[in-house]
Every structure is written in C-alpha cells, then in structure tokens.
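What follows is each chain in one-letter form.
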Amino acid sequence: MSDIVILGLNHKTAPIEIRECLAFSDAETDAAIERLQNYPDIDEVLLLSTCNRVEVLLTTTAVPTATEAVKSFLSEFKKVAPEKFSESLYIHNGDEAVRHIFRVASSLDSMMVGEPQILGQIKAAYHGAIRKKTSGVVLNRLMHRTFFVAKRVRSETGIGDHAVSISYAAVELGRKIFGNLEEKKVLLIGAGEMAELAVEHLIRNKTGDIFVANRTFERGVALAQQFRGCPIRFEEIPEHLQQVDIIISSTGSSGFIIGPEHIKGIMRGRRNRPLFFIDIAVPRDIDPEINRLPNIYVYDIDDLKGVIEENIEDRNREAIKAERIIDEAVIRFRQWFESLRVVPTIVALQKKMDTIAAAELNKTLQSLHHLSADDRTVINRMTQSMIHKILHDPIMWLKHEGGDNDRAALLDITRKLFKLDEP
Amino acid sequence: MALTTIFYLLSTVGYIAYLFYQKDFFQKSGLYLLLAGFSLHTAAIAFAFIQSGHLPVRNFYETLSIAGWAMAGVFLVFHFKFKLKILGIYAAPLVTLIMIIAAQLPREPAQANKLFNSFWLISHIVVIFTGEAAFALACGVGILYLVQERALKTKNYGFFFRRLPDLELLDTTGYACIFVGFTLLTIGLVTGFVYAKSSWGRFWSWDPKEVWSGISWLLYAALLHGRLSLGWRGRKAAIMAIIGFAILLFTFLGVNFLMEGHHGEFTR
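Just so you know, the protein sequences line up as chains Z and B, in that order.
1 is the number of the first residue of the first sequence in my numbering; add one for each residue after it.
424 is the number of the first residue of the second sequence in my numbering; add one for each residue after it.
Honestly, I wouldn't trust all of these hints.
[Said to hold, decoys possible] Only pairs whose alpha carbons sit at most 27 Å apart, straight line, appear in this in silico DSS-like list of lysine-lysine:
1) B/LYS576 <-> Z/LYS185
2) B/LYS578 <-> Z/LYS185
3) B/LYS578 <-> Z/LYS206
4) B/LYS576 <-> Z/LYS206
5) B/LYS504 <-> Z/LYS206
6) B/LYS451 <-> Z/LYS206
7) Z/LYS416 <-> Z/LYS389
8) Z/LYS321 <-> B/LYS451
9) Z/LYS151 <-> B/LYS508
10) B/LYS578 <-> B/LYS504
11) Z/LYS151 <-> Z/LYS185
12) Z/LYS206 <-> B/LYS506
13) Z/LYS321 <-> B/LYS506
14) B/LYS659 <-> Z/LYS185
15) Z/LYS305 <-> B/LYS578
16) Z/LYS151 <-> Z/LYS123
17) Z/LYS305 <-> B/LYS576
18) Z/LYS264 <-> B/LYS508
19) Z/LYS264 <-> B/LYS576
20) B/LYS506 <-> Z/LYS185
21) B/LYS506 <-> Z/LYS151
22) Z/LYS151 <-> B/LYS578
23) Z/LYS151 <-> B/LYS451
Simulated from the structure, these hints should not be mistaken for lab results.
Values in this document were obtained by computation on a predicted structure and should not be read as measured data.
Excised from the complex, chain B in its bound form:
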C-alpha cells in the first residue's frame, strides 16, 4: 500500500507541475503515475479479497482505501471520456490525501462474521463507493467551474483563467459525473435495502447513515430534475454539486463518528 501511495503522491507532483508549467509532459506523467498507482491498488485489494475471502472494508483503514481506489478509478474513466486534463489537479491530491489519512489508521480488521459475506453487501459497497467518487469528482468540477466563471464575470484573468478549460466542458463533465453518481447511488441504495432485508429482516431502519444517504439522494435527484426539466446549469448546478458532496462527506464521515447506527460496525 505504501508503494501505491507513493505513486499517487508522485502523480500529484506531476499534476502540480502541470498546473504551473502547462507542459503536456507533466500532465501525462501525472496521469500514468496515477494509472500505475491505481493498478497496484487494484492488485492489492484483489489480493486482500482472495486472502481473507471478504471484501476489505472491515475497518476504517480499508474503507478509506476502497474510497481512494474508487476515486482514482472513476477519475481515470472520466479523464479518458472527457479529456479534462486539469481535473487531475483535484483528483490526484484527493486520492493521495485519502491514502495518507488511511495509512495513519489501525489496521486490525473487525471480527469477520456473516455480515461481511454477502453478494449484496459487496455490490452495495462497490457501487456506493464508485458513485460517491463520481460525486466527489462532480464537486471538484463544480469548484473549477466557479473559479472559471468568476474570472469571466469579473474580467479578472488571474492564474487560473488560462489554465482552466471552458465553462461548457466543465458543465458537461459535472453533469455527467452527477448522472453517473446518481445512477450508482440509486443502485447502491437498492442493493443496500436488499442486503438489510436479508441481514436484519427489514429494508429501512432509520439508521442515521440511511437517513443522510436518503437526503443526499433527494438533493441529487432535485438537481438532475432541475437540469432536465428546467435547464438548471452552470453556476447553480456547480454550487449544488459542491453542497451535495458536502452532505455526502458528512454521511460518510460525520455519521460514522457522531451518530450511532449499524453502519458503524463496518467503519470503526
């Protein structure tokens, strides 16, 4: 895992150099280093999975690692789809940060019990994490959008103006991230319900994480509805993507630490 983090860290350095010097070489280095880190990361997770027979999400360390992995993977997919080169300046440091935080945490897995061994749980977790990574990316794209929009509105062409892409590309990418994230979140919630039913006998138990996930889902649903039926786009969509991700982050971290609930079993 340490090697993976080093690759992510080097990728971050590459992207920072790209931000300052605008040379394609740095961007490509950043991208390929991230790809290398992601491949290693995938191999490490697969190895842990085979060794223990469980998806490695049994403590907060492993959960964060999966979150970083999903983030890197989703970024790579969106990168190849939208060619938004500069987005790496957001994604690579974020992945690195997640991995560095994860590295500080204790690594003893929770007691393996039957809770961990279900197709529904695995799909629930993988799908939800991938979806959340897409939302994290949407948040990053939203931030870039706001920075660029501000430069255009105030006619104050600072450091970022030339370095950031056009508003249209940012808006479209953000929308695509939200769309993918929402689809995955929906599937993730459904698999979660099925899993809850099989484990605890009921679909919904007002667990704080469930409630907050529901709130996030509603917010993103409103955003997508606004976009499709009312043409919400640009600034409004960018701000909502950022708020949405803040709520999601709270769902992921805050609920685990501040509130009780059955999701705590996985992340303590």
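Extracted from the complex, chain Z is given alone in its bound form:
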C-alpha cells in the first residue's frame, strides 16, 4: 500500500536565497517530474514551484528511500549542495501531507493568508503532471479534493475578503478609491522590500504604467527594469504627479518629499481625478497635510496597519472555520484512501454479495414451504459456495495483479463497479 508524501520548503522555513536556488521554471518542472517518476520508489509525482515554495508531492511504498531520492534529485538538478537546504525541508506523510496540501491550496499557509493566486499555481502544477502522465489514481483524487476544499474554504469563509498585509491593504484601499485598479499609473519613489511587494501586488491587479524614482538614478533604472517601468529622476517627481494615480513612497529621506506646494495646481490639470499616496517610509515622505485636500488620500504605515488590524480578528475567526473544513476533508480523504487497501475492499465485496444473496434467498424460500430444514441448509450452503467461487478469481486478481500503483487503480475501479462506497 502506497503512502502520500509531501516534501518541500517555503517562505517560513527557507530564506529567499535558498528558495531562489531551488525554484523551477515551467520547462524545468516538466523535465523534473518525468525524471522523478523514473525513480523505482516513486509511483506518482507532482511538483509545485512558486516564489514562496518548492514542494514535491508523491506517492510511494517506501517513504524513506523515496524522500532521500527526492533530496538528492533536487540537489543534483538544481546544483545545490544538500546541506544548504536540507535543514529547511519539511516532510509530511499520510494525513499530514493531505492536510498540508489542503492548507496550501486554501491559502492558509501563504505569506498573505487568503491570497488567491496559489490555487491557480497548484492547478497549473497538476496540469503539468497530467500532461506528463505522472499523476495517477491517488494524486488525481487528492488534487480534485484539494480544489474542492480550496473552493469551499473560499466560498464558506471570509478568508479571502480581507486585507492581510501592508501591500494587500494598499491594494484594498486603492480599490475603495478607484474601484478598478486597471490602467492606474503608479509612481514608486525609493525602494524597499515592502514598497516592492506593494508594487508587485499592484501589477498583479493589472495597473498601468509604472514610474520609478530613486535618489541614485542607477538603482532606479534597475528597479524600473524589474517592474518593466520607466525610470525618472528625483527632480521630475512633481511634474509626474499630474499623470500618475498611485504613489508609493519609501525613501530614507529625513523630511517630506512631497508637500502641499507640490500638489497645488496639479489637481485641476488632473480634472480632480483622485490621487492615492501610500507612504511606507519612516520618517514619512508625504506631508499628511495633503490628505486634507479634496480627492487626495494619504496613508502612512500606521494607517495601513490599522486596515490590517481591523481585519485580523475577522481573519482569525475565518481561519478557524477554514481549518474545520480542512479537518473534515482530511478525514474523508483518509476514508477513501483506506478503502484502497485490498482487505477492506475484499471484505466489502463479500459483504455486498452476502447481503444480496441473503435477501434473494429469503425471498425465494418464503414461497417454497415444502422444503425441509435440511433442504434449506443445503441451498444455503450452495449459495455460499457460489459466492465463494464467483469471487475467487476477482479476489485473486486484486491481491496479486500488477504493481502497487496499478492495484490502487484496480481497487478504485472495483469499488466503483460494485458501488461499494454507497450505502
């Protein structure tokens, strides 16, 4: 009987340098799963690689050798010494592996809990596995359950509704101001992890042109390249305020970079279209006085945190609901998985036959009053013997035919054929 194993690392266990080294491109993923499946101890396999995680999901009958194989494969394929990443690796099997993949897909394990992208990424990984035929009965069932659980979590809890990080808060506020962020022009002033993350989130929301201003122009050019934006000089900021809609600022400047004097006169030219400032810098870059002007909204880091805290309680409440949905799904999946063992299926098959035979026999004997008790026993014995003989070949076949993986498929078919999972 095979076991489900997930082995990987994510933003919680590994720093970005290691995640970068182990990240797989789409083409690499295809090649990797094909090669992984050729390992004798790996039956089915799927590889998920995103900016925050690299995970290999597999089924195997020999957990220790399979996990060792995956480790050495990762090291070999990505040319990274095993000791560099082995401490960051987590390995889950059985229920824990199932729970892990359910949690990942429901975005409970994400850096930004509730973010919707992860489900799409898992679907893409699964489609890759289908294309390369590395997914079989167990992973197919597991992935379909995963999508179902993720969808349920999304629709039955408010986990995806709330802003849970600075950049999400910024995007959410932007949506409350502009409605749609599409084609809204963004100006990034200065750099910093949080500002970059915010820009990335805005880009995901299909914002328009991006301008990047930095004190050192060269750094600005590099950043602009990263976001496919347009670098501008620091001195050009005021004139660009006329055309941009969202300004994210995070410089190390000790004083305000943009004050009311820069805004006066530009609103008319913008025909009063709203301006949204996100000031992540400490000390602040944007004079909060600007917030008083009509159609201008200025948010500093504390304001954004306020949005998040508003939601944190809701989010915890929703997360509890989500975990409950996942627990339930794990139990159900285990029930199905257990059913793939030979013995329960054989027992279920025999029980079904016995029940049918007993019912039919009962019906027939009721109309045959002339039979003696002995006659009845003989007929009964004959029925049992028939069941035994009918089931003998299928049972032998289930017990001995094919490898372990094939057996899972055979058992699955058998259960469907005889409707053994229905009461």
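Please arrange chain B on chain Z, whose structure you already have, making use of the hints.
Okay, now just chain B, sitting in the frame of chain Z:
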C-alpha cells in the same frame, strides 16, 4: 395599493438585512420584492388611468404615489445599469416612506376639468417625476459617497466602510443620475411651458413652483457645467447633489403648502 406598499416594505426589510449580514440572498430578495411592488404599482396606476381617463395626479395622494412609482422605477433602471447593490438601502425605504405618507392622505380626486386632459400635462408630469426620482437617487448616492469618503479620509473604518462600494462607482453613478435627471427636468420644463401656453396663454407666469424649478434647474446646470468643464467631482459633486435635491424637495412640498400658485390646483 396596500399590497404594493407591503411589497416595498418587505423589500426594505430585505435591504436592511443585506446591510447587516452582507448576504446576496437578502439583496436579491430586496430587489425582486421591489420589482414585484413596482409591477403592481404600475398596474394600479394604469388601471386608475384607464378607469378615469386621467393620469392619476389629481390630489396629493396620487401625486405622491406617482412620485414613489417613479422613484422605484428609476432605481431599478439604475440598479441594472450600475449594479450598485447597496443603493437599495436608500431607495427602498424612501419609496416605502413615500407610500406610507401617501396612504395617510385623503383620496378624493380634485374636480376633473380640462386641465387634466392634455398630452403635454401627462408628459410634463411623468417626465418631471422621473427626473426628480433620478435627482433623489443622486442625493442618496451623494450621501453614500460622503460617508465612504469620510471613512477613507479619517481612516476610521466603521460599519459602512466595507459595506459601501468604491468612490469611483459612487461618483460615476451620481453623475449619471444627475445627467439623466437634468435631461428629464429640462424636457419636463419645456413640456410644462407648452402646456402652460395652451392652458393659460403664456409660457411663464412667475408661479412659485416655476421659479423654484428654475432655481433647481440652474443649480444642476451649474453642477453639470462644473463637472464637464472644470472636472468638479467627488465630494463637491456629492454635496451639490444633496443641496440640489433639498431645493427640489422644497419645490415639490414647500411651495405647495407655503406659497400660492397654479400648481396648487393639482396637489391639494
């Protein structure tokens, strides 16, 4: 009419539940109940029209009923156009309130005379009422805009912040309401002039209602001009929509009760 009011009342309950629980089911119930009320209302007005041969605007009861009907109709149109679900929380209670007030009034129609039987009068009334309903909606949207803008400016994310839509949608809807309202008000005034000419022999007679309607028209014209040529939008537009509707309300109610004039003949 009582059944119509009950539908509107139930719709209000649906929208209030939607406001608190944010479940689409409540919003949909509110909407369909309002639609049902509106259909019944339309049928009742059509029936009264056929029975008497006159548009039923011969007393204050009937006038209010037409106002409620126009309000419900205009809301439904704007709802399907802009999908501003939460606006029902303003429109449904307003329609219900109008209908409840109307129900308290005496129902004997004024003496039918030739004044009531003119194509121009019917178009004048229907168009003006529809236009005013659009302005009423603009006022509601303006209020929602101010509430949402305040939450965003003060960073005080209270009860309404998550429940109200974005400023852009509110602003666009408000503008559309004003635009439609202004167009209809203009057509309504023109038909009114034509009707006045045919009934009293002159286009304009400095009747208080005419004067106040003129003032409202000028205010909305200024608002639209400001928007189109100077980019007035957001808060300023929202406040003007609210003031505009207050003036309109005064034109509709205050002038009838406080001042004399030939419009009184229709609404006493």
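Results of checking the hints against the structure:
no.: 1; hint: B/LYS576 <-> Z/LYS185; in the structure: holds (21 Å)
no.: 2; hint: B/LYS578 <-> Z/LYS185; in the structure: holds (23 Å)
no.: 3; hint: B/LYS578 <-> Z/LYS206; in the structure: holds (26 Å)
no.: 4; hint: B/LYS576 <-> Z/LYS206; in the structure: holds (25 Å)
no.: 5; hint: B/LYS504 <-> Z/LYS206; in the structure: holds (25 Å)
no.: 6; hint: B/LYS451 <-> Z/LYS206; in the structure: violated (31 Å)
no.: 7; hint: Z/LYS416 <-> Z/LYS389; in the structure: holds (21 Å)
no.: 8; hint: Z/LYS321 <-> B/LYS451; in the structure: holds (26 Å)
no.: 9; hint: Z/LYS151 <-> B/LYS508; in the structure: holds (24 Å)
no.: 10; hint: B/LYS578 <-> B/LYS504; in the structure: violated (30 Å)
no.: 11; hint: Z/LYS151 <-> Z/LYS185; in the structure: violated (33 Å)
no.: 12; hint: Z/LYS206 <-> B/LYS506; in the structure: holds (22 Å)
no.: 13; hint: Z/LYS321 <-> B/LYS506; in the structure: violated (30 Å)
no.: 14; hint: B/LYS659 <-> Z/LYS185; in the structure: holds (24 Å)
no.: 15; hint: Z/LYS305 <-> B/LYS578; in the structure: holds (11 Å)
no.: 16; hint: Z/LYS151 <-> Z/LYS123; in the structure: holds (12 Å)
no.: 17; hint: Z/LYS305 <-> B/LYS576; in the structure: holds (15 Å)
no.: 18; hint: Z/LYS264 <-> B/LYS508; in the structure: violated (36 Å)
no.: 19; hint: Z/LYS264 <-> B/LYS576; in the structure: holds (18 Å)
no.: 20; hint: B/LYS506 <-> Z/LYS185; in the structure: holds (26 Å)
no.: 21; hint: B/LYS506 <-> Z/LYS151; in the structure: holds (25 Å)
no.: 22; hint: Z/LYS151 <-> B/LYS578; in the structure: violated (32 Å)
no.: 23; hint: Z/LYS151 <-> B/LYS451; in the structure: holds (23 Å)
The structure fails hints 6, 10, 11, 13, 18 and 22 (numbered hints given earlier, in ascending order).
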